Each structure stands twice: as structure tokens, then as C-alpha cells.
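Novice: One-letter residues, chain by chain:
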Amino acid sequence: MNEILCPVCSRPNPEDQETCQFCGASLKPPAGIPEPGSPIRAGETPIIKQTSEFEKVKLPEGSIQAGETPVPRNTKELEQALPAWLRSLREKGELSEAEATADASAAASLPAESPAPQPADTSGESLDWLARLGQEEEEEKIPDWLAGLRSSAESPAPEAEQPPEAGLPAETVQPEADWLGGAEPASGQPSGEESLPEWFARFDQPSEPAGAETFIPAEAELPAEALPAENLPDWLEALKAKVEETPESAAKGETPDWLNSVPAGAEDSGLAAPQAESPESAPGSETPDWLASLGAEAGAGSEAAAEKVFSEELPAEESGPAAIPEWLAGFQLGESAPEAEEQAGAVEQAAEGASAAPAEPLPDWLADIQKAVPPADAVPALVEGEEIEEQPPVPDEAPGTFSLETPDWLARLRPERSVEAVAAAPAEDVEPENLEMAELPSWVQAMKPVEAVVSDAKPGAPEQMGVSESSGPLAGLRGVLPAGAAILASRKPPAYSIKLQVTENQHKYAQQLEKMILEEGQAKGPKPVSVPSGRLWRWVISVILILAVFLPLVAGMQFAPDLALFPSEWEKTHTLLDSLPGNAPVLAVFDYDPALSSELQVAAAPVIDRILYGGARLTLLSTSPSGPALAAQFLQSTQAAHLEAGMQYANLGYLPGGPSGIYYFATDPQAAVPQAVDGSDAWSLPALQGVGQLSDFDALLVITDNADTARAWVEQTHASIGDTPVVMIISAQAEPMVRPYYDSGQVDGMVTGLVGGKTYEQSYGTSGLARRYWDSFGTGTLAAVLLILVGGTGGALLAWRDRKKGGRA
Amino acid sequence: MAIAFSWDLVTGLVSFLLTLMILSYLIGDNPAFRVAIYLFIGVSAGYAASVAWNQVLLPRLFRPLLDGGWTDFVLLVPLLLGLLMLAKLSPRTAALGNPSLAVIVGVGAAVAIGGAIFGTLFPQTQAVLNEFDLPAVSEGWSKWLGVLSEGLVMLIGTVGTLVYFQFSARATPGGPQRGKLVNLIGWVGQVFIAITFGVLFAGVFAAAMTALIERLSFVVSFVSQFF
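Chains as they are written, first to last, in the numbering used here: chain A, 1 to 809; chain B, 1 to 227.
Derived by calculation from the structure, the hints in this document are not laboratory data.
Be a bit skeptical, because a hint or two may be false.
[Unchecked claim] Cut-off 35 Å, straight-line C-alpha distance, at most; resulting in silico cross-link-like pairs (DSBU-like, lysine-lysine): (1) B/K180 - A/K804; (2) A/K524 - A/K804; (3) B/K180 - A/K805; (4) A/K499 - A/K515; (5) A/K572 - B/K180.
[Said to hold, decoys possible] Over 10 Å on every C-beta distance to chain A, these chain B residues come out as not near it, computed from the model: (6) N98; (7) A136; (8) L148; (9) Y164.
All values derive from a computational prediction rather than experimental measurement.
We treat Cβ as the ideally placed atom computed from N, Cα and C, and that holds for glycine.
Build out the structure end to end from the sequences listed, making use of the hints.
Specialist: Okay, here's the thing in C-alpha cells:
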């Protein structure tokens, strides 16, 4: 019955099993993924696959395209891309070749039982053995790197670094027993039986019975013809040639460089293989990184504890170079799992007591000691990579390419086996089948399988094995990111333009709004006025009126006839004034401003002249500060004749207080105005003889240009004036407001302006200012009437024209 | 012709120049016109102050207080009120002049209102009523009609003017509108108002024309004396 190795635990399972009976892992590859044996083997012709999808992937320049025939290349220059520890080993190997001659004597002195230093083993035999290992790796799922190491390690010292993997199946452990067997002489020869560590003896004792029967030397199972010479890599061929040239150093020349350094050290110290693992015997510069870190972490304590355990359990005589330890043979050749676990448990107890829980992942051999079944997270990257390679998800390499151009171990070393990539990611977080290198050398990328970069090449794979990354540093990795399919299927978000998208109408409206805002900020000045026309009209009107007034004055001619009709109030006023008795006290109030003094002088002059001719005693009073002066000026300019005749008048001067003063004067004249203008006792003057009350005056003449003043005199004196008549000599502008008082009888007589003065002059037959001004007044009024008519007519025509234009519009 | 120096000539010359300066306003506002105006205002104010001191304060307040008897000490009240009025010159002490101002306003308002009611309102109301006191027909139809027509015109003018300033209106869908009768009477009142303003303008024009004639007559007289 065929068996199927579990891709996880590498334990054999019946062929009909779908899941591992040990670990429960799926034994069948997911749909769409080729079987593990399907990859093209070395020497086979690659099958041209559909590379249309692959061509979409941008591969580094110089990489091999799908379908192309690989061309052998010189990989020396590509060695820079090798891991550091591997390069150091290569360099050390070159140095160790020079030391091979010196070590030849030591190798020749090894006992015949030692498998590794057999003189009959030439390089060709070693290569055959390695080639066979290379073929068996695919079948037995042995890690390539171990195979590579084995191919170059005839010396048992480096093999001693590989501890017995108790957790591995017997098939996988068996080859390692060969090199372990070969290592024994190397470790034990320099120091003899006494130099064997005790742990060797301890391991040997329990495993001796079974191991002795099943142990098969490596040389017997690995014929030299198993691996064709053409399948060997260049460096192995070169190494082979070098070994042939120096047969005396075959034992040393067949081993890897870094392993050659180990025996040298071991020879000096006389320690066996376990001692080579210690930092003292294997300097950090000469050991792999993981080993160096392990040594540093483990420290001397762990080493001492292990030595103690081994020294107690390994008898000295069993570690002799003549025979392979039975315990080791039995342990490696397929000791039953319980037995191996028992041994590993003993070692584990010792290791646990010695080690102080290393923080970093332990090497596989140490992990296998501690645990019967090595967990994935405790396995070093390289070992884990090896296990990954054996699993079904990653069989799609180009084996032909690897077998032709690169060493087997390197050909098998897929990108996910990169030490840096694996070390960067925690072991427990990475699925074994997803371990792929993120940053790969170009020549490794060229060998990347098509399926690794073309996600669609494996239909159905994403569902079961995760999505394969096709770009970025994780290119080629599958199922690394735990993102869901929806996220993975997301695409580039649509790009939205930051430019505002507006329609044509919106753009038009925006322009209109902007225009309105700009116009709002601009100051609008007043409409231009036709200043010349207004000034012209003003000059024209002024000239016309001045000429109309000035010409009669200059000419001295009478242009205006006398009044044909007298005002209606003339008769009553004339009768009143003519009825004043002689020597009658008359109160004349001069309440007008100088501006209109000319008009009031013209109006009052005939009346005052008339009553002065009647012998009246005139008393002057004013409620305006300028009144007394105007009154004096009036008498001097118009009544000069009466003054010269010694007329009696009394100037009481200024009466303060306005209406209140008038009221006060109306109620008590002597108290209101006790003194005359000259400071004398007013009421003792001849003009005021017999006057103590307002009603004592025979007439009250109010000469004013202000209707309010006239109304105040009427209102404040109506209760005190008695039957004394009130005559208003007013300006023409105050007539409309004073006439109601005349019509109501509150004012007994009224003389208005120039017309009133002209009326009284004309009625009295005198010629005074009224007559002088009358002609000018007539012509000026006529001119004003004409201007009003002309202006009114012109305005009406313009308005009609504008209205007509407005109607047409 | 030799012109003899006299005060009349000086005053006449000053008056002539001031008159020309005032008439220069025909060409617009100018410094000559402003000088004449400022001079007139200054002289008027100075003259009023001198009149108030010479004719009011000195003879009627200070002199009685200085030369008067005990009874004249009551004049200290108007003196105090007058001094408080000076406090109005400064905003800080303006409140001190309020009592004086209150006396003036109070007394003036009382006098004005009393005079308006009994000197204007009642007599004018009575006068309107008298307009419709028609004479007897026996005195003649013409007189009767004359008085009646005068009363009607006055009545229509008064009512029309009052209705014109009546702004109450009725709300309508087309907006607030007054009645047609109200609009008609208001239009009549508008005519009376226009006539009144015309009469007032005529009176102002006549007064101004008389002043212009007097000034031009003075200019002619002043200039003519040199020829």
C-alpha cells in the first residue's frame, strides 16, 4: 500500500486518506493545484504553458520569460544574492580547501569504520551519492538544503550539527543517519573513546539494539551513478574536479567549506560533533546565523547541561570510531515513534533544564528534541521551508531550470526559503505553503513559477489557499494578507476632479452676480447738471430785473401810473388816522429788521407824517434790539422836517422779553419801560404826559415785517388795549397772515408795503419814497411777471415735449 | 468837482461798497459776499449786546440794585437767574441754567398760549361766524350776495384745506384710496393752498423788490453826487 506523506508533519499516511491521521492536515492538494510530483523534473523538457497572463506581470529585466528555454549561466556573480551565512560558508570553503592538505593526515588516520573518511570514496562517489540524494529528495521529501549539505559533506563534523530529528519520519531521518554515522569517526578520532561526550553514550545505549540492525551506511544506499554528472551544478562540478585533483584530501574536499572548518576546530579541541555546535568551537563568523544565534542564546549553561546529560547516558566505549552507534542508527533509521519520543523526551528534559527559553526560533534539531512533533513556529526557517516545499501548494517551479543552472539545493530553495524573508515574519503567523520571499534576486525571480505571479492560473486556488499577491514586495506570496476577497477585489477609487462642475446657465448667473457685485462697489456720481444753462438763466434774470429797476431810477421818468384803485383797508385806516385828536399820544412800535427797513419806511413814512402833522405825540418802542436805532434813523430820514420843528416824541427804546415783554408792557407800561433810551424818566417826558396805561394811547401803530410779531402784539394787548385802535404797518410778505386780524376787527387799520405807502402818498397828495420807488417797482414787477410767464410757458413746452417723447417711447 | 469830506460821504462809501459786495452774490458765493455777511452779523450782534446792556441790564437791574433801596433787592432773583443762564456756556454747568430756562419757557409758553387762545382762536372763530351773518336783504342784494359769497369762499377754502390734509383712506384691493368726494374737496383745498402760497410769494417778492429798489436808488444817489 502506498503511503502519502503529510505536507505538514511529514508522516506517512495511507493513500486513501484525505487528511493526516496524525495532525489532521489535508493530504489532497486543493483543486487546480498540480500534484506534488507534477513539476518538471530535472532533465525533462519544460512544457510550454499559456503565458498570456504571465506576460501581464512585469518581471525584472533579464528574467526568463515563460516558455523560454533556460540558458546556463555563470552563477558566481549571482552569489552576492545568496544569504550571508551561505556566502560565508562558501568563502570559508574556499579557505578550507587550502587547509585540506593539512587535514589530510588527520582524515587518513580515521578508523576504517568511519564512513565519511573512507579513502575509496572519491569525489565521484560522493557526487553520486549526492545526486541520488537529489532524486530521493523529491520522493522522500527530504529538505533540499539538507541534501545540498549532504552532497558536499563527506566529513562527519558538519553533519554532527544536525541533531537527530526524532519527530521526522524514518524515511526522512534515515539519510541523516549516514552522515551522522560518518560524523562519529571525525568526532571521536582525535580524542579516542574517552573524548566522546557522554550524551553520545547515553543516546547510544537505549538505541543500540534496534539501531544496530537497521542502520544502513549512507554509502551503500547512495550509488554514485544515481545522479548524472550533467545535473550537477557548476560549483559541485568544480568541487568534484578539485577533489579528483587532490585525492589525498578527498575526505576533506567533499565536505562543504563551512563544514571543513568544523573538523579543524574539532581536531584542535579534541571534541566531537556536539562540541562543534558550541560557540567556542564554531565561531560566529563560520557558522550559520541561526546557529550562531542559537549558541549565543543557549549559552554555556545549556551546553554544560547537555554535556552532563550526554556524559551520563553515553558510554565511552560505544562512541568509538569503529562502529556506528546503534542508538544513533536505530534512532535515525526509523525507530518507532514512541521510542524516538522517549529519547527526545530525555534530551528535552536536559535541554529544558539548561536552556533559558530562547526568544528566537530554535533550530529544527533542537526543536525536535524538545517536542516530539515539531510545531511550525518552532522550526527554523530553512527547515520550515523545506517542509513547505514538500507540500502540494508549491510544486509549480521550473525544476529543469534549477537543475541546469543552480545547485540542487539552491534549485530547490524557492524564494520563500529566503532566510531574511522567513526571519522577518514570525513563524507562527506564516502558513507553510505561503512562505515566499518578498524581495528576491533577479535570477530567483526569473525562476519564479508562472502560477505564483498569475493569480488566474489556478482557478479555485484563492478560495482554498488565499490570494496570490501579484505586485509589491509580497509578489508571489499567497494567502499572506488576511484581507477578504472583497477588499482584494477592490479597485482603484475613482478620481474626482476638484474643479467645480457647473452648467452654462450657472456660469452665466455667476457672471451676472459678479458683475452686480462689482457695480455695487463703484460710486455713482450725480448726473451732470447743465451748469452753464442754470447760471445763464440766473444771469439773464438778474440782468433783466436790475435793468427794470435801475432804468427808472436813472431816467427819472414815471413809467408806472398812480394807483387807480386803493386797497380796501385804505378807507378805514385813513378814516382812523384822520380821526385822531390833536396832541394825541400815539405809540409807534418799530419791530422790523434792517433788511426790510426800506419797505417799511416807505409804508410808514406817509402815515407817521400824517399823524405828526395832526399834532400827535409820538412814543417809540421796539421789541427788537435794532428797533430803537431804526426808529431813530426813520425819523431822521423821513421826518426830518418834523424834528426840526421840535416835535415831541419819546423813544422808550428796547422792550425785552418778546411776547412776555409785550404782555408786561400791555399790563404795566411804566414798570416795563421805566426809562427812555437816553436814561431819562420816560413817563415824565412830554410825549408821554397823561399816559399810564396802554389804553391811554390814542393809537397803536405796529410797524413790522413779521406776521408773528404783529400777531403777538394783537394777542397780548387785546385785553389791555381797550378801545385804542391798532394799525398795522406791515411788509407785503406779512400781509396774508395779518389780514385775518384786520378782517376780524382785531386790527383797525393796515398799511401794507410799498403799495400801502404809495396809496397814502397818493391820497394825501404828497411825493415821497413811494413815488420814487413806484416806477422801479412797477417795471420790476412787470419784468418779473413776464419772466414768470415766459418761464412758465417754456417749462410747459418742455414738459409737453418730454411727455410726447415719453409717449413715443 | 471837489468832494468835501464828511461822515455822510464815508458812511455812504461804506454803504456803497457793502451793497456791491452783497450784490456780488450774483456771480455766486464769493469772499466779498461773505465779508459783508459776517460784518452785518457782527455789527448786529454787537449792537444788540450794547442795547441789552445800555437799555436793559444797567438801567433796570444793576443800577436799581446799586442805587435803589431795600425793595429793589428783589432784583437779585433775576440777577441770579441771569447768572445761572451763563452756566449754559459749559456742558459741565449747563444744568445750573435749567431753572432760569424753565422760568423763561414756562412764562413764555403761558403767555403765548393765553394770547393764542384769547387773541387768535376765539376772535378768529368768531370772525368766521360773523362772515355768515348776512345783512338784511333790504340793504341790497349785492351786499348780501357779497357777504355770502365771501363767507362761502372762506368756508370752502377752509374746509378744502382741512380735507386736503386729511390722509385717512379706505383699504381697497388696489391700495388705500380716499373717497371721490374727499378727493374733490381736497383738490379744492389744494387750489386754495396754491393761491395762498402765491400770495405769500408775491408779498416776499414785493418786499425784496422794494429792498432792491432802495439799494439801487442809494447807489444811483451815491454815484450821482459825484457827477
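Novice: Compare the structure with each hint and give your call.
Specialist: The hints, checked one at a time:
no.: 1; hint: B/K180 - A/K804; result: 29 Å, holds
no.: 2; hint: A/K524 - A/K804; result: 29 Å, holds
no.: 3; hint: B/K180 - A/K805; result: 32 Å, holds
no.: 4; hint: A/K499 - A/K515; result: 22 Å, holds
no.: 5; hint: A/K572 - B/K180; result: 44 Å, violated
no.: 6; hint: N98; result: 19 Å, holds
no.: 7; hint: A136; result: 20 Å, holds
no.: 8; hint: L148; result: 16 Å, holds
no.: 9; hint: Y164; result: 18 Å, holds
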